[in-house]
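Trainee: The primary structure of each chain is shown beneath.
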Amino acid sequence: MTNAAIIQFNNVTKQYDNDPPVLDDVSFEIERGKFYTLLGPSGCGKTTILRLIAGFIEPTNGEIYFNEKKINAIPANKRQVNTVFQDYALFPHLNVFENVAFGLRIKKMKNAEIERKVKEALSFVNLKGYENREIREMSGGQRQRVAIARAIVNEPEVILLDEPLSALDLKLRTEMQYELRELQRRLGITFIFVTHDQEEALAMSDEIFVIDKGKIQQSGTPTDIYDEPINRFVADFIGESNIVDGKMLKDFRVEFVGREFECVDKGFNVNEAVEIIIRPEDLEITTLERGKLQVRVDSQLFRGVHYEISCYDKDGNEWLVHSTKKAAVGSKIGLYFDPEAIHVMRHGETEEEFDRRLETYADVDRHGE
Amino acid sequence: MENKRTRGLYRIPYLLWILLFVVVPILLVLYYSFFDIEGNFSFVNYQKFFTPVYLKMTLSSFWYAFLITAISLLISYPTAYLLTKTRHKQLWLLLIIVPSWINLLLKAYAFIGIFGTYGAANSFLKMIGIGSRQILFTDFSFVFVSVYIFIPFMILPIFNALNELNPTFIDAANDLGASKWTTFRRVIFPLTIDGVKSGCQVTFIPALSLFMLTRLIAGNRVITLGTSIEQHFLVTQDWGMGSTIAVFLIIIMVLIMVVTGTRKRGV
Ligand SMILES: Nc1ncnc2c1ncn2[C@@H]1O[C@H](COP(=O)(O)OP(=O)(O)OP(=O)(O)O)[C@@H](O)[C@H]1O
Ligand SMILES: [Mg+2]
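Going down the list, the sequences are from chains A and B.
Start counting the first sequence at 1; every next residue gets the next number (UniProt numbering).
Start counting the second sequence at 1; every next residue gets the next number (UniProt numbering).
One should not assume that every hint holds.
[Said to hold, decoys possible] Dumping the calculated DSS-like pairs for lysine-lysine here, alpha-carbon to alpha-carbon at most 27 Å:
{"no.": "1", "chain 1": "B", "residue 1": "K180", "chain 2": "A", "residue 2": "K70"}
{"no.": "2", "chain 1": "A", "residue 1": "K78", "chain 2": "B", "residue 2": "K197"}
{"no.": "3", "chain 1": "A", "residue 1": "K117", "chain 2": "A", "residue 2": "K70"}
{"no.": "4", "chain 1": "A", "residue 1": "K70", "chain 2": "A", "residue 2": "K215"}
{"no.": "5", "chain 1": "A", "residue 1": "K107", "chain 2": "A", "residue 2": "K119"}
{"no.": "6", "chain 1": "A", "residue 1": "K70", "chain 2": "A", "residue 2": "K107"}
{"no.": "7", "chain 1": "A", "residue 1": "K78", "chain 2": "A", "residue 2": "K107"}
{"no.": "8", "chain 1": "B", "residue 1": "K197", "chain 2": "A", "residue 2": "K69"}
{"no.": "9", "chain 1": "A", "residue 1": "K128", "chain 2": "A", "residue 2": "K110"}
{"no.": "10", "chain 1": "A", "residue 1": "K110", "chain 2": "B", "residue 2": "K180"}
{"no.": "11", "chain 1": "A", "residue 1": "K171", "chain 2": "A", "residue 2": "K213"}
{"no.": "12", "chain 1": "B", "residue 1": "K85", "chain 2": "B", "residue 2": "K180"}
{"no.": "13", "chain 1": "A", "residue 1": "K250", "chain 2": "A", "residue 2": "K34"}
{"no.": "14", "chain 1": "A", "residue 1": "K332", "chain 2": "A", "residue 2": "K292"}
{"no.": "15", "chain 1": "A", "residue 1": "K325", "chain 2": "A", "residue 2": "K34"}
{"no.": "16", "chain 1": "A", "residue 1": "K108", "chain 2": "B", "residue 2": "K180"}
{"no.": "17", "chain 1": "B", "residue 1": "K89", "chain 2": "B", "residue 2": "K197"}
{"no.": "18", "chain 1": "A", "residue 1": "K119", "chain 2": "A", "residue 2": "K34"}
{"no.": "19", "chain 1": "A", "residue 1": "K266", "chain 2": "A", "residue 2": "K69"}
{"no.": "20", "chain 1": "A", "residue 1": "K107", "chain 2": "B", "residue 2": "K180"}
{"no.": "21", "chain 1": "A", "residue 1": "K128", "chain 2": "A", "residue 2": "K117"}
{"no.": "22", "chain 1": "A", "residue 1": "K107", "chain 2": "A", "residue 2": "K171"}
{"no.": "23", "chain 1": "A", "residue 1": "K117", "chain 2": "B", "residue 2": "K180"}
{"no.": "24", "chain 1": "A", "residue 1": "K78", "chain 2": "B", "residue 2": "K180"}
[As the list claims (entries may be wrong)] Reference excerpt, derived from the structure (chain B facing chain A, CB under 7 Å, subset only):
{"no.": "25", "residue": "E164"}
{"no.": "26", "residue": "P167"}
{"no.": "27", "residue": "T168"}
{"no.": "28", "residue": "D171"}
{"no.": "29", "residue": "N174"}
{"no.": "30", "residue": "L176"}
{"no.": "31", "residue": "S179"}
{"no.": "32", "residue": "W181"}
[Said to hold, decoys possible] Cβ-to-Cβ under 10 Å is the rule here; a few derived chain B residues that face chain A:
{"no.": "33", "residue": "E38"}
{"no.": "34", "residue": "K180"}
{"no.": "35", "residue": "L191"}
Think of the hints as simulated: they come from the structure by calculation, not from any bench.
Ideal Cβ positions, reconstructed from N, Cα and C, are used throughout, including at glycine.
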């Protein structure tokens, strides 16, 4: 266990009745003071992880540690964690002030102290002067901030946020993303944020856990995960990608769409079957002669900052290209990419094997210097 | 236009019903209350109501209604709470509701059998060595049977309120450090108070005017406003006094409805 780890899951499994497990042998560490995001499709187990940390449910197997103490059976009201619920769960019979004061009143704090802390927390989330409002008189964005104030006022060590932005419109949502990130920096508290929106995850997090079917598929910084997805699921879930089957001929040589290319990956078996990913923004439109791939432009969408161009090669593989330049629909063009743009994924590789392989590349780089 | 007219037509049965069975009887009751037993117009009935005999009766009615409501509530709230936690809650609820479909008289006679000198209750007392007791025709049996009768009506609204309570509120309270009891006191109970209020209404108001049970189970030892009305109309033939008591009963009911009225609150 590293020193900074505040939460640790050791082989945690959660299973209801005889259904297949909702979480399957999950292990991870959460470091103090960082912004974490749990990202994954609906039903993958994100909320279940939060509920395990908060203490609303107990794991079927495995251990959960908080500050190096096992907390499997510690009830929720005894944990140094507060939650911002997906539907906020603000108490409708209490006004804004009393909602935020709820946790402090339970701690039997003095009234003057409660007053000071609640006011401070409300001004932290830009809700000064709303103390006496009823919850039903608040807008969605304001309710969300009340929910955050209700959590931070208790000065927990960890705040859990379960898709708190999903009910907001796009503009408010972007605004709140900035505010949340900023808030986390100012408070220095560990945030664990749940979302199924990959852009949100990339924009906000220090670390992302990509989850699917009750397993953590990959964890890492946004750039790690975006640039080096471990498998097809992660590549597909995080941003648009072009994925084709290929074959690793030998170190630094890969074959796909019937051609051989130079790449930066090594450590595979000879002629091992692999999957190749190239991100749409790594493909550059060029002349047919210069292009490493020759394709026909099928359709084109204007996306604001770029054009999303869909092309097909002669084998019928689709290639998505993001380009600031327009292409003529129906024309034949060449696509150029650097060796670094090719990401090679091994079939069925675990995260540890994947990390070990990536580390060998770093060694090579260092030796090369 | 067409629409408006048809809507007017649909309303006719309702309005007729209200007129014939609510408005006219109330006016009649009010009218009769101003005649003394000889049939002369006077306020003597109202004066009589404020004499100790009737005031005491009113108070005792209130006291029994209060006892019945309070005991029903004490039993019903935890029961309703447990029901919402069971797996087949609708089935359990049904089992509790079913007895309320059985005629009140039948249930009363059943209890006479159970509580009678040679009934099941006394056999049991004998068996455990306490010996046979007078159970029927006591305050205890009256309150017991009344509570038994009203419990389903108390459970139903409380169960509905608890069932509709968003379970994340309970998680949220726990999350903020509240123990089970604090969660109940500060979140669950306040959020289901409307169910409690309607449960109390449907128990307290009818309990004020119970009269059949007072005779069958309490052996006329308990005299409520309801018993008194019945006696005046059917025995002493003093319709004026009976109506006057009815007028007060109606006023009290309206007051209770206003006081315990449910305020709509929502998010
Ligand atoms: N109490 C329960 N009993 C049985 N199955 C449950 C229970 N709670 C959750 N599940 C199952 O566990 C799985 C994961 O649920 P979870 O709420 O963690 O998903 P999620 O990742 O938060 O999804 P979403 O993005 O839709 O909120 C789902 O398939 C769900 O049906
Ligand atoms: Mg969820």
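Trainee: All hints, please: hold or fail.
Mentor: Outcome of the hint check:
{"no.": "1", "hint": "B/K180 to A/K70", "in the structure": "holds (22 Å)"}
{"no.": "2", "hint": "A/K78 to B/K197", "in the structure": "violated (34 Å)"}
{"no.": "3", "hint": "A/K117 to A/K70", "in the structure": "violated (31 Å)"}
{"no.": "4", "hint": "A/K70 to A/K215", "in the structure": "holds (22 Å)"}
{"no.": "5", "hint": "A/K107 to A/K119", "in the structure": "holds (17 Å)"}
{"no.": "6", "hint": "A/K70 to A/K107", "in the structure": "holds (24 Å)"}
{"no.": "7", "hint": "A/K78 to A/K107", "in the structure": "holds (11 Å)"}
{"no.": "8", "hint": "B/K197 to A/K69", "in the structure": "violated (46 Å)"}
{"no.": "9", "hint": "A/K128 to A/K110", "in the structure": "holds (21 Å)"}
{"no.": "10", "hint": "A/K110 to B/K180", "in the structure": "holds (23 Å)"}
{"no.": "11", "hint": "A/K171 to A/K213", "in the structure": "violated (31 Å)"}
{"no.": "12", "hint": "B/K85 to B/K180", "in the structure": "holds (15 Å)"}
{"no.": "13", "hint": "A/K250 to A/K34", "in the structure": "violated (40 Å)"}
{"no.": "14", "hint": "A/K332 to A/K292", "in the structure": "holds (13 Å)"}
{"no.": "15", "hint": "A/K325 to A/K34", "in the structure": "violated (38 Å)"}
{"no.": "16", "hint": "A/K108 to B/K180", "in the structure": "holds (16 Å)"}
{"no.": "17", "hint": "B/K89 to B/K197", "in the structure": "holds (22 Å)"}
{"no.": "18", "hint": "A/K119 to A/K34", "in the structure": "holds (26 Å)"}
{"no.": "19", "hint": "A/K266 to A/K69", "in the structure": "violated (41 Å)"}
{"no.": "20", "hint": "A/K107 to B/K180", "in the structure": "holds (15 Å)"}
{"no.": "21", "hint": "A/K128 to A/K117", "in the structure": "holds (12 Å)"}
{"no.": "22", "hint": "A/K107 to A/K171", "in the structure": "violated (37 Å)"}
{"no.": "23", "hint": "A/K117 to B/K180", "in the structure": "holds (25 Å)"}
{"no.": "24", "hint": "A/K78 to B/K180", "in the structure": "holds (12 Å)"}
{"no.": "25", "hint": "E164", "in the structure": "violated (12 Å)"}
{"no.": "26", "hint": "P167", "in the structure": "violated (9 Å)"}
{"no.": "27", "hint": "T168", "in the structure": "holds (4 Å)"}
{"no.": "28", "hint": "D171", "in the structure": "holds (5 Å)"}
{"no.": "29", "hint": "N174", "in the structure": "holds (4 Å)"}
{"no.": "30", "hint": "L176", "in the structure": "holds (4 Å)"}
{"no.": "31", "hint": "S179", "in the structure": "holds (6 Å)"}
{"no.": "32", "hint": "W181", "in the structure": "violated (11 Å)"}
{"no.": "33", "hint": "E38", "in the structure": "violated (57 Å)"}
{"no.": "34", "hint": "K180", "in the structure": "holds (9 Å)"}
{"no.": "35", "hint": "L191", "in the structure": "holds (6 Å)"}
Hints 2, 3, 8, 11, 13, 15, 19, 22, 25, 26, 32 and 33 from the list above are not met by this structure, while the remaining hints are.
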